[in-house]
Amino acid sequence: MTDLHTPAELSQTELPNPEIDSGPARRPWYVSALLALTAVALLLGAAWGFARLKSPYPFYGTAYNGNTAAAGFKGTDQDGKPYAFVPGQDHKVTALFFGFTHCPNICPLTLAYLDKVKAALPEGERDRFQTVLVSVDPARDTPERLKAYVEYFGKAEGIQVPEPALSEVARDYGVGYQRVEVKGADYQMNHTTATYLIDGSGKLRLLWDYTQLPQVDRVVADVQHVLETSQ
Amino acid sequence: MTTPTPINLDPTLADLLIPAPDLLFLIPTLLVAGYYVWRFIVSRRSAEGRARWPVWRAVLFALGMVLLLMTTQSRAATLTGSSMALYMGRLMLLAEIVPPLLVLGIPRGIRINPRGAAARVLGVLLDPWVALAVWAAVIIFWNVPAGFNASVVTNTAAALLPALYLLSSLLVWSVILRPLPNVQPAGMGSRGGFGLLAALPMMSVASVWLYAPNVLYTPYVNALCLWNLSPLQNQQLSGWIMMLAGIPALALAFIQLFQWLVQLTGGDEPTPS
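Protein chains in written order, with full-length UniProt numbering: chain A, 1 to 231; chain B, 1 to 273.
Just chain A, with the same shape it has in the complex (with noise of 0.2 Å):
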């Protein structure tokens, strides 16, 4: 028997019932609030399950799903020099991200953060970890400015690719950018302000908000264990 019914599939037997028109009786306030209580608890601990189920580490960035490619690319090194980026080389666990040297704050605190983190790891998993700088304005950022900037606010790599190939890297990590004039003053640039990480095997493992690399010790426990997962 199904439970509901349309009033034209009722019978003449079955006509309205003014009780139950007028609702049922109310229950005890306890046991709302004990049905209340229960329900939230049912909601967060699903939310918590739906989580677990997509990375079964509880990642303080936001994970990808396990078979997101990360995309290689090529440009010009800090040093001038030609350079490739091939994703999950030598095993390498790489932390990517898109900015410019003239950025005033996200970008800068980017580099010095994930420094931190290189110096966080035990001594032998730090060279299995790389900072990846791909400029969003290779217009001004030459190898020499990329340089002096990646060693000011720590070490990294600071890649200059020249566009059109920018966009296509850009479009590869799902990252934007755009060229915004100032009044009075030098053009900045709008981008996407998260830093990927990509394991040794080469694959784009999670992501972080630049709001989120302050808590330091959190994004070491993500590297570690990424680390330890992609050998």
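Accuracy of the hints is not assured; some may be wrong.
[As the list claims (entries may be wrong)] Coverage of chain A stretches by chain B, computed from C-beta distances (three or more under 8 Å per stretch; other residues unrestricted):
| id | segment |
| --- | --- |
| 1 | 39-47 |
| 2 | 51-57 |
| 3 | 141-153 |
[Unchecked claim] Okay, the calculated beta carbon distance ranges per label pair:
| id | chain 1 | residue 1 | chain 2 | residue 2 | range |
| --- | --- | --- | --- | --- | --- |
| 4 | A | Tyr57 | B | Ala20 | 25 to 31 Å |
| 5 | B | Ile247 | A | Asp172 | 38 to 44 Å |
| 6 | A | Arg26 | B | Gln259 | 18 to 24 Å |
| 7 | A | Arg26 | B | Trp38 | 33 to 39 Å |
| 8 | A | Val182 | B | Gln259 | 27 to 33 Å |
| 9 | B | Pro114 | A | Val216 | 56 to 62 Å |
| 10 | A | Gly72 | B | Leu197 | 52 to 58 Å |
| 11 | A | Asp217 | B | Arg75 | 36 to 42 Å |
| 12 | B | Ile247 | A | Val216 | 40 to 46 Å |
By construction, these hints were calculated from the structure, which means they are not laboratory data.
Think of the CB as a built atom: it goes at the ideal place given N, C-alpha and C, for glycine as much as any other residue.
Following the hints, position chain B against chain A.
Frame of chain A; chain B shown alone:
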């Protein structure tokens, strides 16, 4: 292997509405829509059915479904990570526009066997305490800055939050509009009071977005802003969107409360002849 979605920083409305199917949302939506259409056609066979299921209800339901498909099956859904205003606009459509349209689309006079499983489940879900607690949990847990660093928040927001907003708001609007009288306790005053309480969590979060002097971005919404809005502008715009979206529910709650007051004072009694 899959690759991330590219970003267009200056999308037009046409760009935002390019279809981008999300089967997890699409299949249940089409099943519900199909069931509704079938029952509506059946109801046309009798005069009583036509009276209890007028065309305007079907039109509202269809409008709700179209908006639901636009917000979940278009490029706008994939771009919400690049604009907090777009993200909030989409969630507000799912929470404050689509649910009342769908609930108003439900025909009057649906009878549910009070002893059946459906009545028992609906009786619990549409208990005002349960609906309010679930709604408040969704709004607060995923939107208050203190929770942003929780792994479970960052890793479920993109996938679960649109569905959670829709479903929890359907519960809230069902309590307010009472489409299933034989499983829902009556009382205009309690519905008005409930509506007022249900509006508070969202209005509080909207105030945080609107008046915070600093950018309080969620980790799952990038600081990059579409249409060249600054992050703070984007955040304040999100607060406005959230606040404006909550006003109809708040207004309805006040109307219900005043209606209850009128009933209480006997103001609706017929004039003696």
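To see whether the hints hold, each was checked on the structure:
no., hint, in the structure
1, 39-47, "holds (count 5)"
2, 51-57, "holds (count 3)"
3, 141-153, "violated (count 0)"
4, A:Tyr57 / B:Ala20: 25 to 31 Å, "holds, 29 Å"
5, B:Ile247 / A:Asp172: 38 to 44 Å, "holds, 42 Å"
6, A:Arg26 / B:Gln259: 18 to 24 Å, "holds, 19 Å"
7, A:Arg26 / B:Trp38: 33 to 39 Å, "holds, 34 Å"
8, A:Val182 / B:Gln259: 27 to 33 Å, "violated, 55 Å"
9, B:Pro114 / A:Val216: 56 to 62 Å, "holds, 58 Å"
10, A:Gly72 / B:Leu197: 52 to 58 Å, "holds, 54 Å"
11, A:Asp217 / B:Arg75: 36 to 42 Å, "holds, 37 Å"
12, B:Ile247 / A:Val216: 40 to 46 Å, "holds, 42 Å"
The earlier numbered hints that this structure contradicts are 3 and 8.
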